[in-house]
Amino acid sequence: MKSDHILSTIEMIQKENLDVRTVTMGINLLDCKMGSVDETCEKIKKKIIHFAGDFVETCNKISRKFGIPVVNKRISITPIAHVGAGFDRDGFVKLAKTLDNAAGHVGIDILGGFSAQVEKGMTPTDIEYFSSLPEVLSCTERVCASVNIGTTKKGINMDALALCGRTVKAVAEATEDQNGFGAAKFVVFCNQPGDNPFMAGAIHGLEEADTVLNIGISGPGVIARALERLIESKGPENLKLDEIAEEIKQTTFRVTRCGELIGREVSKEMGIEFGIVDLSLAPTPTIGDSVGEIFQILGVDDVGAPGSTAILAMLNDAVKKGGIFASKTVGGLSGAFIPVMEDSILADAVGNGSLCLEKLEAMTCVCSVGLDMVAVPGSVDADTISAIIADEMAIGMINQKTTAVRLIPVPGKEVGDYVSFGGLFGASPILPVNNAGKSSRFINWGGRIPAPIHSFKN
Amino acid sequence: MKKRIVLSVMSLDRPGIVADIAGAIYQLNGDLADLSQSVISGFFIMTVIAQFDSDISVKEIKEKIALIESDTSLEVLVKEVDSSEINQSLSLPENIYIVTGQGENRTGLVFSMGAFCKDHEINIIDYDTKLSDNIYSMILEIDLTNSESAEVIHEKLNNMAKELGLKVVMQHKSLFDTVNEISLY
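Going down the list, the sequences are from chains A and B. Residues in the first sequence are numbered from 1 upward in steps of one, following our numbering. Residues in the second sequence are numbered from 1 upward in steps of one, following our numbering.
Keep in mind that the hints are not guaranteed to be accurate.
Unchecked claim - Restricting the straight-line Cα-Cα distance to at most 25 Å, the calculated cross-link-like pairs of lysine-lysine (BS3-like) are: (1) Lys328/A x Lys173/B; (2) Lys173/B x Lys2/A; (3) Lys118/B x Lys268/A; (4) Lys97/A x Lys45/A; (5) Lys61/A x Lys173/B.
To be clear, the hints were calculated from the coordinates, so they are not data collected in a lab.
All chains should be modelled from the sequences, with the hints used to inform the complete structure.
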């Protein structure tokens, strides 16, 4: 083996902070459904402990073998509204507490899948589920919730959408003492994938096997450092964008390979099927681990300036091209994330006024996810939040891609204020919402936005 | 019955040494089985394993090589090897790790690393070093088949590295294959 290959790999791991962002174990809980809530809770706890009891230790062991940190070990479960069919609000709160406990027991910091899939209609159970969310997200630490309210195939469920706006508000208010942090654990999706390993929107889809391991690759820092090195070695005057895209592609290939390797090894060690590698670049608030920084390296002084959408489109595409070939099976969200609070450069751009909600929305047309971790004034009404969600859902539905919304209407805070959740959830100034209070008539129609014409392919 | 011969060649580097040696082997009807060659700081070093008919002697091979016209001095060692002496056992890929060590240049680094491996029954399969800006880099491919577990060795290696002022990383070899090769096991 060539020594320069070895040294460049070592450099990538040590200097450029290459890691595997998450190993997420999906666990099917459908077979835990019993006649009573208590019996169901008991079975859920047993199943999670049975399959994930040595999950964290196994990941740590493999991580030591390869010298690559596995940053997060997480669990996703079958959308809970399916597991809790027929249960009431209090039943769902009990399920959530059980999941919180079980996650704690196996050493997991976040468990996703306290979810419902209501893109076409809602059952009475789904309504009970929605009503449990403010309490669930305020009384548990580790449980994350998500709902899928639209798909390209089925259109958008506008009744569920109206409920989502009210739920986001209620969850934020139920966690007022934590600046509305509960809302950071609730994501609304269009075209939600069943194999996404990233939180808070991870679920173990109904189409999945009993257990599966999904991998989230390393963050944007590695790409940023690779680009800096390229620009320094060749000189900016000697580089064109296609060469930069090529560098992103090749770096992503290596990064994805590391994820693939860790996934296969953990899967072999645990005897659990290896699902997919998610190629998303997920930033963290740590300095040097920002998607926003890549925008600056590629030539816009602030994220949100004209050119930002084009840069994001190129980045997202190059990441996919590099990653697809590196992994046997790619899935999940697979694109760049732009979660404002979790990315210090994006948060700075909000603070200096360069990045507004409308530009963020435009950028979500060309990347994965959507309006993610956006702190807005606590005074914004539920219907306006629903309408912001509706716009984002429409982008996903029409463009046959995943979009999601994770807004935090921070109670008692207004534009000019600042909110910090600490840790991976980050911090940001409050982003202004223009034209608030003007969309109620639209939201109040309810019903459904019919599936778009290009969904009729049969 | 064929005869296995190992040839070791050292010379100041110049173009044509491989052709000269391989030509001599060819003219003696020898079959070149394996070859490893590198140039370190201007010195050419090559080891060759070749098979010859049983009636060819080591002396004849040496004489043939001595006829090579060279403006550099070719130092050649020729030795017959008994096939039964060769340890053919292949290491299992899961026991192969890559160790990289980097630190300020000083005497005794290679010795310390070699002694460490010897003391812990670690076989060194490949060893490469580089000196740049007074930073000494070592890359070792090691086989842990007969040693303690990788985790124990890693810890002991880290302790030794601290004393030597080295930054040492030990990672399973498949990582490097995975990141740098197109095909994946």
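(request) Could you grab the alpha-carbon distance between Lys61/A and Lys173/B and see if it respects the 25 Å cut-off? (result) With Cα atoms ~16 Å apart, Lys61/A and Lys173/B stay inside 25 Å; holds.
(request) Verify the proposed pairing of Lys118/B with Lys268/A, using a straight-line Cα cut of 25 Å. (result) 32 Å, violated
(message) Please verify whether Lys328/A and Lys173/B have alpha carbons no more than 25 Å apart.
(response) 20 Å, holds
(request) Given the hint that Lys173/B pairs with Lys2/A, test it: the Cα-Cα distance must not exceed 25 Å. (result) 12 Å, holds
(message) Tell me if the straight-line CA distance from Lys97/A to Lys45/A falls inside 25 Å.
(response) This hinted pair holds, its Cα atoms lying about 10 Å apart.
Violated hint for the displayed structure: number 3, the only one.
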